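With the numbering used here applied, the sequence shown covers 915 to 1263.
Hint data in this document are derived by calculation from the structure and do not stem from the laboratory.
None of the values given here were measured: they were computed from a predicted structure.
Treat the hints with caution; some may be incorrect.
Computed cross-link-like contacts, DSSO-like style, restricted to lysine-lysine with a CA-CA straight-line distance of at most 30 Å [claimed, not checked]:
| id | residue 1 | residue 2 |
| --- | --- | --- |
| 1 | Lys1076 | Lys956 |
| 2 | Lys1193 | Lys1115 |
| 3 | Lys1257 | Lys1233 |
| 4 | Lys1233 | Lys1255 |
| 5 | Lys1011 | Lys990 |
| 6 | Lys1236 | Lys1193 |
| 7 | Lys1236 | Lys1096 |
| 8 | Lys1053 | Lys1069 |
| 9 | Lys1236 | Lys1083 |
| 10 | Lys1255 | Lys1090 |
| 11 | Lys929 | Lys1090 |
| 12 | Lys1115 | Lys1203 |
| 13 | Lys1053 | Lys1083 |
| 14 | Lys1098 | Lys1075 |
| 15 | Lys1096 | Lys990 |
| 16 | Lys1257 | Lys1189 |
| 17 | Lys956 | Lys1203 |
| 18 | Lys990 | Lys1091 |
| 19 | Lys1245 | Lys1189 |
| 20 | Lys1193 | Lys1069 |
| 21 | Lys1253 | Lys1236 |
| 22 | Lys1144 | Lys1211 |
| 23 | Lys1096 | Lys1075 |
| 24 | Lys1189 | Lys1238 |
| 25 | Lys1115 | Lys1090 |
| 26 | Lys1245 | Lys1090 |
| 27 | Lys949 | Lys1011 |
| 28 | Lys1180 | Lys1094 |
| 29 | Lys1011 | Lys984 |
| 30 | Lys1236 | Lys1203 |
| 31 | Lys1255 | Lys984 |
| 32 | Lys1144 | Lys1238 |
| 33 | Lys1096 | Lys1069 |
| 34 | Lys1094 | Lys1115 |
| 35 | Lys1096 | Lys1076 |
| 36 | Lys984 | Lys956 |
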Amino acid sequence: MKNTLTYNNVHNLFKLNGFHLNRNDLCRVAYSFIKEGDEYEKSVGDFLLDWFDNKSYLDLSTSGTTGTPKLIRIEKQAMVNSAIATGNFFDLQPGDKALHCLPTKYIAGKMMFVRSFILGLDIDFVAPSSHPMTNNIVKYDFVAMVPLQAQNSLKQLENVKKMIVGGAKMNTTLEKKLSKLKTKVYETYGMTETITHIAAKEVGEDAFSVLPDITISCDDRSCLVIHAPKISNEAIITNDIVDLRNDNQFVFLGRIDNVINSGGIKLIPEKIEAKLSDKINSRFFVTGKQDPVLGEKLVLVIEGEIQSVDTIIFEGLDKYEKPKEIFYVSKFSETENGKIKRKEIIDSL
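Turn these sequences into a full structure, and let the hints guide you.
Structure, rendered in C-alpha cells:
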C-alpha cells in the first residue's frame, strides 16, 4: 500500500457499527456522543473532534505504568503511517470486519479508529469491559484486546481470524491456551511514544518481529533503540532490556527500571516471573526490597489473602532467583489499562 494517505482521509469502505460514515458524519456522531453518550462514548467524541480539527497533531497522555503520566505530542500523519504499517504486517484488507473494545482514552483505542478510517475497516465499537465478546456471535477478521479481555473471551475467539494482545504482558498460562486456538494470536510490543505497537510475535514464538520501515539496535545498557522515521524523527530510546537477534527481531527480557541488584548479582524480575507463571494461581510479581546486607533482597508479592506457599514452586529457579521473603497485598493497584503499579505497591508495604 502506497503511503499517500493523510489524516484527512476516511476510506469509502469504512463502517462504524454497520453504517457507512464520512468525515462530516463522524463529526456529527462525535457531537452526539459528547452531548448524550455514556462516559466511554464521550472520550470517542472528544477524539473524533480532535482528529478532524485543523491541527496536525494530538497531545496524548502516557499510561503512567512506571511513573507519573506525561503529555506527549504526536503528529497525526505519524499515526496514519503506523496504521498503514499495521495493515501491511497483518494483511488487513478494506472491508475486513474488526472489533474495537478498548478505551479510546488511550493510544491503543485511538489507533483502532485510525486504522479503521485509513484502511477501510468495517468496525464494531463496543463498551470497553473485561468480557467484551459476551453474547457476540459475529465473525471478525481482526480484534485487539488486553490480556484480561483475551482470557475472558477464549470461547468466543473461535469467531476471530486474527487478534493482537497488548497493553500488558501475557502470562505463560494464557499463552498456552491461546496457542491451542485456530485464531492467529499475536502479542504486540509498543508504547504511547511508538504509537502503539512497532513489533509483534505469534504466541509460542520468543522473538518479536518489527513492522515495515522500522529497524532496531541496542544502547550500552542493552536496552532497545527503535528507528522508525515514519513515526518519529528521532530514535526512540527505551528502558527495555532485550536480546537483539538482528536488525528486525528481538527477545524482550525485562525493564531496566525493575532490575534488582542483590549483593552484586543483577536479577531481571520478568525472567523469574516467567518461570513462576504457571505455579502461582494469583497475580504476583517479584521485586527488590532494601536490605542492609544485600543492598536489595528479592521478594515475592502475591495478590490476595495470606496463604501457605509450598517452596517446591521455587525448585526451577537458580540460587539467586529464589525469593527471600513473601508479601501479600489484598488488591494490586493498577493503571486503567491493567498494568500493575509495582513501585506504588512496594512503597505501600
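query = Holds or violated: Lys956 with Lys1203, Cα cutoff 30 Å?
reply = violated (42 Å)
key: Restraint status (C-alpha distance of Lys984 to Lys956 at most 30 Å)   = At roughly 22 Å apart (the allowed maximum being 30 Å), Lys956 and Lys984 satisfy the hint.
query = Are the Cα positions of Lys1011 and Lys990 separated by 30 Å at most?
reply = holds (24 Å)
ask   = Going straight from one Cα to the other, do Lys1255 and Lys984 come out at no more than 30 Å?
value = It holds: about 16 Å lies between the C-alpha atoms, which stays within 30 Å.
task = Quickly compare the C-alpha distance for Lys929 and Lys1090 to 30 Å and report which way the hint goes.
result = violated (34 Å)
ask   = Has the given pair, Lys1193 with Lys1069, been kept, meaning a C-alpha gap of at most 30 Å?
value = Given pair Lys1193, Lys1069 holds - Cα atoms ~24 Å apart, limit 30 Å.
query = Quick one, are Lys1233 and Lys1255 close enough, alpha carbons at most 30 Å?
reply = holds (27 Å)
task = For the pair we were handed, Lys1076 and Lys956, check the Cα-Cα distance against 30 Å.
result = holds (28 Å)
query = Are Lys1053 and Lys1083 close enough, with their CA atoms no more than 30 Å apart?
reply = holds (26 Å)
key: Holds or violated: Lys1236 to Lys1083, with C-alpha atoms at most 30 Å apart   = holds (22 Å)
task = Compare the distance between the alpha carbons of Lys1245 and Lys1189 with 30 Å, and conclude whether the hinted pair is satisfied.
result = Holds. Lys1245 to Lys1189 sits at ~23 Å (cutoff 30 Å).
message = What's the verdict on Lys1257 and Lys1189, does the C-alpha distance respect the 30 Å limit or exceed it?
response = holds (22 Å)
The structure shown violates the earlier hints numbered 7, 11, 12, 15, 17, 18, 22, 28, 29, 32.
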